[in-house]
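Given next are the chains, with one letter for each unit.
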Amino acid sequence: MSNIATDTMISLSPSGSQKFMQRTVPLIIFAVILAVIPVFGPSRTMYSLLNAMGVNIVFAMSYNMLLGRAGLLSFGHAVYFGLGGYAAVHAMGAIEAASYGDGGFWAGYPVFFLPFIGFAGGALAGAVIGWPSCRRAGTPFAMISLGVAELISAAGFMFGSIFGGEEGISGDRMNGPEMFGLSLGPINEVYWFIAFWTFIGVLGIYAFTRTPLGKMSEATRDNPERAEFVGYDPQKVRYLVFIFAGGFAGLAGGMSAVNYEIFTPEALSLAPSGMVLLMAYIGGIRYFAGPILGAILLTYMQSMMSDYSEAWLLYLGLLFIVIVMFAPGGLAGIFGGLFRGLRGDNPAASLRQWAVQITGIVLMMISLVTLIEMSVNWSNNYGEVFEPFGMHLPHDGVLTWAVIFIPFVAGVGILRKALKNKEGQA
Amino acid sequence: MSVPALSINNLHKSFGPAHIIRGVTLDIEPGERHAIIGPNGAGKSTLFNLISGGYHPSSGSIKLRGEEIGGMKPFKINRKGLSRSFQVSNIFSNMTVRENVRCGVLYSMGYGYGFWRNVGNLHDVQRKTAEILESVDLLDKAQLPAALLPYADQRTLEIAITIAGGADVIMLDEPTAGMSHSETERAVALIKQATEGKTLLIVEHDMGVVFNMADRISVLVYGEIIATDKPMAIRGNEKVREAYLGDEADAIEGDAA
Numbered sequence: 001m002s003n004i005a006t007d008t009m010i011s012l013s014p015s016g017s018q019k020f021m022q023r024t025v026p027l028i029i030f031a032v033i034l035a036v037i038p039v040f041g042p043s044r045t046m047y048s049l050l051n052a053m054g055v056n057i058v059f060a061m062s063y064n065m066l067l068g069r070a071g072l073l074s075f076g077h078a079v080y081f082g083l084g085g086y087a088a089v090h091a092m093g094a095i096e097a098a099s100y101g102d103g104g105f106w107a108g109y110p111v112f113f114l115p116f117i118g119f120a121g122g123a124l125a126g127a128v129i130g131w132p133s134c135r136r137a138g139t140p141f142a143m144i145s146l147g148v149a150e151l152i153s154a155a156g157f158m159f160g161s162i163f164g165g166e167e168g169i170s171g172d173r174m175n176g177p178e179m180f181g182l183s184l185g186p187i188n189e190v191y192w193f194i195a196f197w198t199f200i201g202v203l204g205i206y207a208f209t210r211t212p213l214g215k216m217s218e219a220t221r222d223n224p225e226r227a228e229f230v231g232y233d234p235q236k237v238r239y240l241v242f243i244f245a246g247g248f249a250g251l252a253g254g255m256s257a258v259n260y261e262i263f264t265p266e267a268l269s270l271a272p273s274g275m276v277l278l279m280a281y282i283g284g285i286r287y288f289a290g291p292i293l294g295a296i297l298l299t300y301m302q303s304m305m306s307d308y309s310e311a312w313l314l315y316l317g318l319l320f321i322v323i324v325m326f327a328p329g330g331l332a333g334i335f336g337g338l339f340r341g342l343r344g345d346n347p348a349a350s351l352r353q354w355a356v357q358i359t360g361i362v363l364m365m366i367s368l369v370t371l372i373e374m375s376v377n378w379s380n381n382y383g384e385v386f387e388p389f390g391m392h393l394p395h396d397g398v399l400t401w402a403v404i405f406i407p408f409v410a411g412v413g414i415l416r417k418a419l420k421n422k423e424g425q426a
Numbered sequence: 001m002s003v004p005a006l007s008i009n010n011l012h013k014s015f016g017p018a019h020i021i022r023g024v025t026l027d028i029e030p031g032e033r034h035a036i037i038g039p040n041g042a043g044k045s046t047l048f049n050l051i052s053g054g055y056h057p058s059s060g061s062i063k064l065r066g067e068e069i070g071g072m073k074p075f076k077i078n079r080k081g082l083s084r085s086f087q088v089s090n091i092f093s094n095m096t097v098r099e100n101v102r103c104g105v106l107y108s109m110g111y112g113y114g115f116w117r118n119v120g121n122l123h124d125v126q127r128k129t130a131e132i133l134e135s136v137d138l139l140d141k142a143q144l145p146a147a148l149l150p151y152a153d154q155r156t157l158e159i160a161i162t163i164a165g166g167a168d169v170i171m172l173d174e175p176t177a178g179m180s181h182s183e184t185e186r187a188v189a190l191i192k193q194a195t196e197g198k199t200l201l202i203v204e205h206d207m208g209v210v211f212n213m214a215d216r217i218s219v220l221v222y223g224e225i226i227a228t229d230k231p232m233a234i235r236g237n238e239k240v241r242e243a244y245l246g247d248e249a250d251a252i253e254g255d256a257a
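Top to bottom, those sequences are chains A and B.
Per the working numbering, the first sequence starts with residue 1, numbered consecutively.
Per the working numbering, the second sequence starts with residue 1, numbered consecutively.
Please note: incorrect hints may appear among the correct ones.
Capping the alpha-carbon separation at 20 Å, the derived lysine to aspartate or glutamate pairs in EDC-like fashion look like this [claimed, not checked]:
no.: 1; chain 1: B; residue 1: Lys73; chain 2: A; residue 2: Glu189
no.: 2; chain 1: B; residue 1: Lys76; chain 2: A; residue 2: Glu225
no.: 3; chain 1: A; residue 1: Lys19; chain 2: B; residue 2: Glu99
Source of the hints: derived by calculation from the structure; they are not laboratory data.
Since this is a predicted model, take the numbers as computed values, not measurements.
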């Protein structure tokens, strides 16, 4: 019996090479990508975009510890990001004061390791706030998180010495001992700092999913009643996970504190809390790497699309609605489906299917973008007109409405047909 | 005489004006297989929930090996060595079969809420998981997502999770409900084997299963136990026949015949 069981145990758990391929290789690829980016000599703008992405990747991953892994919908995750970030900014101030003053503990603390302070700050905030709010899951949890977010963001404008009022608290990252020869002055050195902590953050969150607590967090999400009857207190599982999620959000806050050298109360408010939800969901909450994709895409949209169009928030909202309705697996789910299709029995057919769907989506996008841009220009009353590719599209032009209606009808038609085909095959 | 595995004394439960459990007294010996039967609405599920911690007793006591457990939280009762299954399949549906059983094993092996260990490296947990899967004959389906299992296998998995923690008092709530005849036979054999040497408390509608498995049977009617006895004696009991009208009475007599 024990022999058979030992053999089967070996065959049950993934083999060493499987583990390596599925777990270690993706992490190595991630590290290599982070390390190789500077070789291409990114511009300053690109560096600041990359740094923002790094912060948001860790932030979105920490959020998904709650939403994806524990099934807890939080509307106030920026609270832990912000409180961790404030802790780091204050520590940065202490380092500055100590290195010009009489030394002490902070004089010897490298700015490079401020994300630790952020983690501690976020985890502490999670431990205090999570105590009452993790008693219930589901809607009560979501409501309490919203209330807490409102409370803390209001407090952000009240306690001046902690949050610095509207100007926030600023610091100087070029103090204290240097680590790895990085002065953290120029932005490309900050990149190495961000890349290091992005990797540590992702690695830490991944390691957490492999622990007994991480597994039971998924079990509690699926079936809290059953979790109770295998010896676990669902409240305690949620509470512990909440502390860790707060800690990793605080880590991202610490990264942000060093990157921007300032923290303002806006960082605690509902807007970033909503943004991190969008990042995680659009990226795909059921996939470990989903929030990474979401963070990259949304950070890009946030900083780049706002240059092209003042209506970019509308596009973000549209994207979110489309994902919720048609691709609940998010970007990761879409890529996963594409990958499975290509490796399936009939890659040509699935490729064709994808081409048709993308054509339909692009047509609908042409129509919607035209509608939105035309409307925005018209309602601004500056006399400006939407003029893509040399076309002149005023609100009362026939061509404008043709560009809105024809692709829309064609796109809907194509997508409906594609959907029918899919059902026919299934 | 040894301490009963489970001892219920004058247990009452009311929901507002509805008096569901009206003074149940029952001792179950260690190693005994005990079945609770009764017409619909007799309070069998309520009694189960009271014992396993789902409900708070209104009055009376429930003792597990002499220790009072009435009103304790389910996870505390579970840690004391009492485990239960559910009438509807109650599994971790987004996990694989193996992960499901592993969740049942973790706490009992002392890994609790650990966040400093990699579950992949817990060889004792892997071994125990494999043993449990083997004992319920689910090894070949170990890597399947639990939600994709056929119904009968989900019920089996439910039992596997229930016994995984090594509890010595096992409560099964209608383990064969909704199963075909052959599936039921398999399930009964499996339950007998998997709960060997343990105390078993079972609620079941299938009289064949009850009379086949139980050492003793209690009949619950309107929140009271009207008879507790060996299967043969229950068949001949006049009060039990009165309580069961129509088809179910035929079923009891049919089995007796």
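Now for the hints, and whether the structure bears them out:
1. Distance check on the hinted pair: B:Lys73 and A:Glu189 sit about 54 Å apart at the alpha-carbon level, beyond 20 Å; violated.
2. Between B:Lys76 and A:Glu225, the direct Cα distance comes to roughly 13 Å. Compliance with the 20 Å bound is thereby established for this hinted pair.
3. Taken as a hint, the A:Lys19 and B:Glu99 pair is honoured in the structure, with Cα atoms around 16 Å apart against an allowance of 20 Å.
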